[in-house]
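Protein sequences, first through last, are from chains A and B.
Reminder that position 118 of the first sequence reads as 118 in my numbering, one-by-one numbering, no gaps.
Reminder that position 40 of the second sequence reads as 299 in my numbering, one-by-one numbering, no gaps.
Treat each hint with caution, since some may be false.
Between beta-carbon pairs, the in silico distance windows are [stated by the list, open to error]:
#, chain 1, residue 1, chain 2, residue 2, range
1, B, Gln317, A, Val40, 36 to 44 Å
2, B, Pro268, A, Gln101, 20 to 28 Å
3, A, Ala246, B, Leu325, 43 to 51 Å
4, B, Ser324, A, Ala246, 45 to 53 Å
5, A, Pro60, B, Glu434, 35 to 43 Å
6, A, Lys226, B, Arg390, 55 to 63 Å
The set of hints was computed from the structure by calculation and includes no laboratory data.
The structure presented is a predicted model; accordingly, all values stated were derived computationally and were not measured.
Using N, Cα and C, we set each Cβ at its ideal position, and we do this for glycine too.
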Amino acid sequence: MRLTLDTYAGLHSPLHCWWPRSKLVGLGVLMLGFACVQQVQLIPVCLMVTAVLYGLSGLPWSFLRSRLRYPGLFLLGLVIALPLLSGSTILWQWGPFAIRQEGLLAMGLIAGRFLSIVTLGMLLLGTTPLLMLIDSLVSLGLPPLLAEMTLLSYRYLFDMADQLTNLRQAMRLRGFHPNGNRQSWQQLAAVAGTLLVRSYEQSERVYKAMRLRGYGHSQSVKSQIKGWGKSADLVAIGLCATISLALIGTQIWLTVPET
Amino acid sequence: MHIPDGFIPPQVCIVGYGLSGLITWHCLRQVQRHPDPAAQMPKASLLAAAFFVVTSIQIPLPPMSLHLVLSGLLGAVLGYYAFLAILIGLFFQALFLGHGGLSTLGVNSLIIGIPALVGYGIFHLRRWLPRALTPSVRDGISGFLAGAIGMMLAVTIFISLLIFAIPVGFDAATERMALLTLGIAHGPLVLVEGIFTALLVTFLRRTKPELLTGLVSKPTPEWATERISQPEPTNSGNYSADRLCD
Chain A
1 MRLTLDTYAG LHSPLHCWWP RSKLVGLGVL MLGFACVQQV QLIPVCLMVT
51 AVLYGLSGLP WSFLRSRLRY PGLFLLGLVI ALPLLSGSTI LWQWGPFAIR
101 QEGLLAMGLI AGRFLSIVTL GMLLLGTTPL LMLIDSLVSL GLPPLLAEMT
151 LLSYRYLFDM ADQLTNLRQA MRLRGFHPNG NRQSWQQLAA VAGTLLVRSY
201 EQSERVYKAM RLRGYGHSQS VKSQIKGWGK SADLVAIGLC ATISLALIGT
251 QIWLTVPET
Chain B
260 MHIPDGFIPP QVCIVGYGLS GLITWHCLRQ VQRHPDPAAQ MPKASLLAAA
310 FFVVTSIQIP LPPMSLHLVL SGLLGAVLGY YAFLAILIGL FFQALFLGHG
360 GLSTLGVNSL IIGIPALVGY GIFHLRRWLP RALTPSVRDG ISGFLAGAIG
410 MMLAVTIFIS LLIFAIPVGF DAATERMALL TLGIAHGPLV LVEGIFTALL
460 VTFLRRTKPE LLTGLVSKPT PEWATERISQ PEPTNSGNYS ADRLCD
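Full structure from sequences and hints, please.
See the structure below:
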């Protein structure tokens, strides 16, 4: 399981220098604007804005490619299914297969929106260390208990993944080969159960250690991120909001029937 | 079972975030009612991380293999923490693996979180099962029901949401056929989820039965809530939390 995300968070680019709290709000607003797009004519604008931002971030294209591998399967399914199944205007036909205009447009719309939003998400996460991102969320009102749970889960996620790798390796070394019979299911349930029991026992040790360090007596998680950064950070939020509002406005203008 | 970014209309995403926020608020309120919620937090967090990892185990079902959701078991073990753990798990899945998405986090948390809370309720109905059955069998049955019904509910919510997402020009007969096929294709998953949850519950009952009492209902140990007035003089190397904090 590949659980690394902060690999490129240390680069130096306008996106990396953007104040995390402002970046979260700015890119969030932009994502909302992209999600509101219902007209395929607006998709090139979304893709262009995304490409410019990605170029500015200095993140390598291989990062985006690797992150799009799994969601790309969904995209592939969409590209194959929609033009063949949706709509009535046939553009091209070969035997029982027909490419339909409405399906093609719907495919372009969904795929474009999907690519833009996913890339913006990758930009947000690729240019901000996760801990700083959670800190920004706390500063924007995320409940402290949820923030503490997120931080602690993140801290032990890697340990759990390592433990599962060790358990799998140990099973393989002892000749385990999953073949779908009752015994192999029971063994897999035992692996999952062992991981849960170990994590429960570890959590008791972690809690004792946390208590020894004063956990529960002092105030809970407090954000270190205050304010909205410099004026350039605010300008960037304004720019994102303007693009988002312009998209929503154009969308409304395009959908209102001419009188 | 995860809806990706850009697939459903923005209105559905916003409503999803709203509903998910309400449920999160309710769960946080329930959790805060516990005499010492801080004591349960590390357990919930580590178990959330473990569940996240456990769902990556592939279950062989020839000729394919499946990933489990385990929402029913999550509810049985974590109680009201389950929804919070699912929210965090889905956030990590969107970040690390590209499953789901950030704009659809609210909707996806409803698809998996509501069945977890329902699974919590179903699992705790085991006390109503006939006394003639052994406790292990009772746990197995309630585990199966929590897993299977939870999964069935998740599939129902997922398909209902997909109906919103299908383009208007989609042929009605094809749409019905596609949704029916999707529902039937998830049938084996419902059974597998139920059976695997029952096996896991039986294993946990044998090895760590306190895990099945639910975090919220479990009484807090005295050392975690009460302040010790007299530090124990037996061993000067042993530090208690209160001695350090006073």
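> For which of the previously enumerated hints does the structure constitute a violation, in increasing order of number?
Replying inline: none
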